[in-house]
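Asker: Single-letter residue listing:
Protein chains: 2
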Amino acid sequence: MLQMDAAREGRATEEMKSVASEEGLDVRELVEKIARGTVVIPKNRLSSHRAVGLGEGLRTKINANIGTSADASDLETELAKLDAAVEAGADAVMDLSTGGDIDAIRRAIVERSPVPVGTVPIYQAAVRARRDGRGMISMTADDMLGAVEDHAKDGVDFVTVHCGVTLEVAEHCRRTPRIADVVSRGGSFLMEWMAHNGRENPLYERYDDLLDMCREYDLTISLGDGLRPGALADANDAAQVAELTVISELVFRARARGVQTIVEGPGHVPLHLVEASVDLEKSLCDGAPFYVLGPLVTDVAPGYDHVGAAIGGAIAAMAGADFLCYVTPAEHLRLPTVDDVREGVYTLRVAAHAADVGKGIPGAREWDDRLSQARRSLDWEEVIRLSLDPEKAKAFRDASPPKDDELCTMCGEFCAIRKMTQVREREGG
Amino acid sequence: MLQMDAAREGRATEEMKSVASEEGLDVRELVEKIARGTVVIPKNRLSSHRAVGLGEGLRTKINANIGTSADASDLETELAKLDAAVEAGADAVMDLSTGGDIDAIRRAIVERSPVPVGTVPIYQAAVRARRDGRGMISMTADDMLGAVEDHAKDGVDFVTVHCGVTLEVAEHCRRTPRIADVVSRGGSFLMEWMAHNGRENPLYERYDDLLDMCREYDLTISLGDGLRPGALADANDAAQVAELTVISELVFRARARGVQTIVEGPGHVPLHLVEASVDLEKSLCDGAPFYVLGPLVTDVAPGYDHVGAAIGGAIAAMAGADFLCYVTPAEHLRLPTVDDVREGVYTLRVAAHAADVGKGIPGAREWDDRLSQARRSLDWEEVIRLSLDPEKAKAFRDASPPKDDELCTMCGEFCAIRKMTQVREREGG
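If you read the protein sequences in the order shown, they are chains A and B. Under our numbering, the first sequence has 76 at position 76, and the numbering climbs by one with no breaks. Under our numbering, the second sequence has 133 at position 133, and the numbering climbs by one with no breaks.
Bear in mind the hints are in silico, worked out from the structure with no lab data behind them. There could be a bad hint or two in this list.
Copies of the same chain look alike in the list, so a pair counts if it fits in one copy or across any two.
[Stated by the list, open to error] Here are the simulated lysine to any residue pairs, SDA-like style, with alpha carbons at most 25 Å apart:
hint, residue 1, residue 2
1, 359, 32
2, 282, 5
3, 359, 319
4, 17, 86
5, 403, 74
6, 392, 338
7, 359, 320
8, 359, 275
9, 392, 381
10, 17, 360
11, 359, 370
12, 403, 73
13, 359, 23
14, 403, 75
Sequences are here, hints too, so could you generate the full structure?
Answerer: Structure below.
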């Protein structure tokens, strides 16, 4: 039975029970949110991945994009990225491979991952068409839907589908002055396909068939924002919002069929528009879980885009975004390395946790308080144990050993914490 | 003539003209803000450092803390940190040395720095008292004020003085339940001193003498927040706000004497309280420039505290904070290395710039647009030239050379930007 169907009958599945327990929530409340579609648990009925909840009132989750490109396509490296992402605390991974044996890579990732796995099946369709020598523009509707089914059969839990890039939306985009035009790979494939074939986007036209397929596997759909802004200048513009109005329709249609749905968001958004961007998605899409890529709050920081994404992600999550796609320091420059993946996950976890504290998610602030209590006691072992990334914290401290084990080399003997302990002891004594 | 006195007579000094031109502002407007005290230009009349404006309507500035501790006190390393900070774009540096020959270190930094230099003279007084074998608690009022004068004579442009940590405020702190008590070094020195001597803080008691000295050198005072929160749990509490109400009085008294004043702020602040923290300073201190340390939006991220500070700093700057003290990845773990300094400055510059874009600071968004236009044209040379940190951007790209020079290894041949260029060319042709 599908998660959403079960929830609508008031039944808590094993996955719901697990998520409720993990999040410290009342399971009844969770069931209601799943029934309404404001929370989803992306889990293919064929997969044995961990049940992870995304949405209203839950802890903000992090996704790590991994996968090959034609320029760098080594399976072992991708599995090492998967391990690094999971170890760093990613709640989900997406395999975006477009290079090498992408079927084998996807299957290996699905097999090995303990967390939900997402993909973008149109990449598969495009790569196949290209390898067959037909070129992407000759993809058929069946190629596109077939790729989704192939991924579903492999146990993928959620798929990005750019169903909102319709002919009408493409026309909006053409009329909207943009600096960066279309920066989504899937979006650009469909823009080219529609421009060449003069026909409607098959993922929109055959949306009902897609929903049937999703029902078969309890596949969650992530409605991709093919026209997401790729520059601050393009944020919240008519092209983006036109697509979001179509996505709104698609959310309601999916929910009517009991298909769990999340909505993807930007991209590049100036700081003062991040909240509006989240608010708009929440109102247009009736509170559907919002999955944002960053957003990046500046275009000028290649090499530091993980930081821009952490700023945007924290503000977005505070405003209601539920699922943050990480951005690594390599963004805009190269395919991320294993180290980039690790840094990206931890960096976005800072953002997610900060937002969870700000929103009052149960249990979030307690972690900070525990660490600060250990810090107050100069209990370094406990400080490091409780750190987001104990390995990095330990390495930093070990690289600069203090003369006095109780202190650190930042303030040395002038440690305020130790001094205040002495002051208070004298006062108390 | 003092900056503030000149401004009040409606005269624009060379420094004001330089700041106005640098910021793209009308000089008359700037003169008015300096007269009111909502903008300051910290520049000792003996110093030849660059004139940098801090405050209302100006670009958000970054300070880099450098300096030795008793555990790590090498002059050459500190000068290398100074160079790295300036090269990375720090607008000011503070020398917080407490180890080695701190007089020589300070003078070398003042001599070499092109940007304004700040210090915390009470460290000097404390180190001297300790080295004399007297212990910090035996510092006299003259020791404390004398240290300020020594720094002023050396050409330091701004000094942190914890004048707001009065006996009454200390009592407030004692009655306020806190996890981290007092984490400011200067604050803890004064707490200890007052507890031992049972006397008022000399920096408060002799504030008028301090202001006289400031007038002599046109020294800017930065009213330190000795009770800044060192844990999320302590943010915006009675201890912090009690000190801020005293600082409010001190701002008005300094302004009445024509002494330029900035106010220091937290610290550790949960995301949802950052804006309130800035609003409170702005209302209590009549719009005095606000200089925040981060703020850090989580306690759990040692090793990633620069990221937490970038999140907090961006939100604070957007809300009106004017001057962000960087936090490096080494915060809470060790004295920062040269690399930590560089990473800290660039990371906080992402935050400052993002806020400047959000606030509509003149010229800020244009930078993003220029870079995005270069990206749209696949003009990699220009993208790297316009990047915040061109060296890092180039290193990332060079480490993963694409098969096709026009692309990068992230998407390889499936580059959306190139595809869209082709689509648009066909449409246009």
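Asker: Going back to the hint list, which numbers does this structure go against?
Answerer: none
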